[in-house]
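Visitor: If you want the building blocks of each chain, they are given just below.
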Amino acid sequence: MIDFIWLALFISGVATAMVTGRMQMVSSAILKGAESGVDLCIGLIGAISLWMGVMHIAERAGAVAWLAQKLKPVARRLFPSVPPDHPAMGAILANMSANLLGIGNAATPLGLKAMEELQKLNSHPDTASDAMCTLLALNTASITLIPTTVIALRMQYHSAHPSAVVLTTFVASLIGTCAALAFDRFFRALSHRRQVR
Amino acid sequence: MSDALARVSEWMLPLVVSSILVVGAWQRVPLYQTFVQGAKGGFSTAVRLIPHLVAMMVAVNVFRASGAMDGLIHLLNPVLTWLHVPAEVAPMGILRPITGQGSLAFMIDIFQKHGPDSHLGLLASTMQASSDTTLYILTVYFGSVGIYRFRYALAAGLLSDFVSVLASVFAVWLISGMIQV
Numbered sequence: 001m002i003d004f005i006w007l008a009l010f011i012s013g014v015a016t017a018m019v020t021g022r023m024q025m026v027s028s029a030i031l032k033g034a035e036s037g038v039d040l041c042i043g044l045i046g047a048i049s050l051w052m053g054v055m056h057i058a059e060r061a062g063a064v065a066w067l068a069q070k071l072k073p074v075a076r077r078l079f080p081s082v083p084p085d086h087p088a089m090g091a092i093l094a095n096m097s098a099n100l101l102g103i104g105n106a107a108t109p110l111g112l113k114a115m116e117e118l119q120k121l122n123s124h125p126d127t128a129s130d131a132m133c134t135l136l137a138l139n140t141a142s143i144t145l146i147p148t149t150v151i152a153l154r155m156q157y158h159s160a161h162p163s164a165v166v167l168t169t170f171v172a173s174l175i176g177t178c179a180a181l182a183f184d185r186f187f188r189a190l191s192h193r194r195q196v197r
Numbered sequence: 198m199s200d201a202l203a204r205v206s207e208w209m210l211p212l213v214v215s216s217i218l219v220v221g222a223w224q225r226v227p228l229y230q231t232f233v234q235g236a237k238g239g240f241s242t243a244v245r246l247i248p249h250l251v252a253m254m255v256a257v258n259v260f261r262a263s264g265a266m267d268g269l270i271h272l273l274n275p276v277l278t279w280l281h282v283p284a285e286v287a288p289m290g291i292l293r294p295i296t297g298q299g300s301l302a303f304m305i306d307i308f309q310k311h312g313p314d315s316h317l318g319l320l321a322s323t324m325q326a327s328s329d330t331t332l333y334i335l336t337v338y339f340g341s342v343g344i345y346r347f348r349y350a351l352a353a354g355l356l357s358d359f360v361s362v363l364a365s366v367f368a369v370w371l372i373s374g375m376i377q378v
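Chains as they are written, first to last, in this note's numbering: chain A, 1 to 197; chain B, 198 to 378.
Possibly wrong hints are sitting among the right ones.
If the Cβ cut is set under 10 Å, some of the chain A residues that face chain B in the computed set are [claimed, not checked]:
(1) G13
(2) M25
(3) I30
(4) I45
(5) L78
(6) P147
(7) T149
(8) L153
(9) F183
Hints in this document: simulated from the structure, not taken from any laboratory.
From the three backbone atoms N, C-alpha and C, an ideal C-beta is built for every residue, glycine too.
Looking at chain B on its own, in the form it has when it is part of the complex (with noise of 0.2 Å):
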């Protein structure tokens, strides 16, 4: 990754951080009792979210290791190469809307292989964090005010995932074609 991007990230966490802390403080809030209050959370999320991995952990593993991810993208490849897609990223990208764990778990497969900070890396995380998990979503929000007709929700929401996948690819091209100018 080229310097001046480099220089934004390192600075832009130590200054949202201390910026939080200062609105806080300046707001009158109890700095140190709300943060540990909130913290307090971290470990119950953490712990949540063990089964989850490790089941979605397994499965990718074995998806991995046995050589069907090889042939997933061989298959896939010449349409993503038309899209400008990594095929490394397409298990992603179709996991994305339907498991928020599961696509976590290729995340970090593409992590542990390539790095976070690998042009892969870089799109696995955006891929990630730009879009939600469709399905669980429409299941949760309209299961809890009893809802069964979803009309176009379902629809929109795909197609609009893999516009997400495409505007990914695109933000990371843009950002660090930018930066390298």
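Extracted from the complex, chain A is given alone in its bound form (with noise of 0.2 Å):
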């Protein structure tokens, strides 16, 4: 898939490039491109250290299992199919937290760990469950609270305002989270019913 986008994208350029007779423009896109991708990581390095360093305070005075705790009850009502006490559950927990926290190194093993558990719980080991669909329509669209990547971006272009996304994203991110979680009950619901039929 990312092969053929990647490709697409090159050549629908390039072939644009004959007709309109922009190959010069893009023979020079093209170094400048690489140029600007390694130029921007090397800036990036001090706003994503300075987020890194600081989450990890976060997460080690316990922010992760702070959250997990507020989010139990909304966990149960999500996951009605996984025990409340189950390993998984706690997993889950985690993901959430780690996702809302925008720390997402954290959020990807942590979610792991959750399949990995569901897969436990999982009666056909090569079909998803219910609750897996779940978790991967949180995951997808995660509702997200500090976007710290973006931040360290918006930074590196000299924003005036770089935690302005800050609250844009909160409401973009809820409402796609209750997009999917809509999408994922209705889904759900069809393919049930398909399965009685």
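Now that you have both chains on their own, put them together as the hints suggest.
Guide: Set out below in structure tokens:
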């Protein structure tokens, strides 16, 4: 998939350049793109390090555990098929909390742990269970409180208000997550009805 | 951007950081040592991003410099106008669920052209931050436990990504509008 997109961006670009006669601009754009990719990452080191350091403190101070506690009633509703004391529930809660805090590199391992535990509850090991689909819906449209990478990039481009995204991201991701859960519910109901028939 | 929003975001960063430090101190976390430990990972994370961003920035640059992007925007314009989505961010919306680095490259492109604080810059930031790379997450999560029947997970994910794009437009409109009143 990613191969196709990468190729398509290139080929459609070069093909268009043949028609529009912009080959020289494309040629310099190639080198400029490579250069700015590196510049950008080097410039990002400071801001990323800052956030990772601060978030590490938050994690050690128990922010993830605290949030997980608060999210417990929500998670029980969202995952009715998971027993409340099962280790899967703990992993799901930790994954949700890390997502909320924008600690992406902590969220993925926790999410994978949750999948592993959910797989133990799964009666068809090659097919996604209801709870797994819900977990993925939550993760693909994750509600975000602190979008750390985007804030870092805005700082890098001399934004006067790097954290202006916090509010808009919260609203947008809240709507997105509600939509994801609604679609999840809808498709789940649909697939169960099909099974009964 | 208006004054009130500027004031709120001015306070946000120092407040968030200092409150995390205070809570950390309260919980008797060794602050300095913990910060340094976490920040160490920043270098490798940024360096690991380099090959991805080089690949994507080159492709995006070719796509834009050739005029192909203008063509695509022109093509999509009628639908986008109807949905109130600015045409410049449309490629981002398409790429976001497929490749996070690709849409990040487009966001940076918009930052370079319009500035991060412009309406488009804020919208691009919101689109990048408010959703995740659906295909990547599906592959990694299901792959890790050996599931190859995704059932409806892909359809639900992509549909909600589409809603996320519209929600971003709405959120930026709502928040810049709310504060201007």
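Visitor: Holds or violated: is the Cβ of L78/A closer than 10 Å to a Cβ in chain B?
Guide: 14 Å, violated
Visitor: Hint validation: F183/A versus chain B, beta carbon distance must be below 10 Å. Holds or violated?
Guide: 4 Å, holds
Visitor: Can you verify the interface hint for L153/A: is its Cβ closer than 10 Å to any Cβ in chain B?
Guide: Holds. Min distance 7 Å.
Visitor: I45/A was flagged as interface toward chain B. Is the shortest Cβ-Cβ separation under 10 Å?
Guide: 4 Å, holds
Visitor: Are M25/A and chain B close enough, Cβ to Cβ, to be under 10 Å, as the hint says?
Guide: 5 Å, holds
Visitor: Against chain B, is P147/A within 10 Å by beta-carbon distance?
Guide: 3 Å, holds
Visitor: Quick check on I30/A please, does its C-beta sit within 10 Å of some C-beta on chain B?
Guide: 6 Å, holds
Visitor: Does the CB of T149/A sit less than 10 Å away from some CB of chain B?
Guide: At about 8 Å, which falls below the 10 Å cut-off, the nearest Cβ of chain B leaves the hint on T149/A intact, so it holds.
Visitor: Do the numbers back the hint for G13/A, that is, is its least Cβ distance to chain B under 10 Å?
Guide: Nearest chain B Cβ about 4 Å off; hint holds.
In this structure, the one hint that does not hold is number 5.
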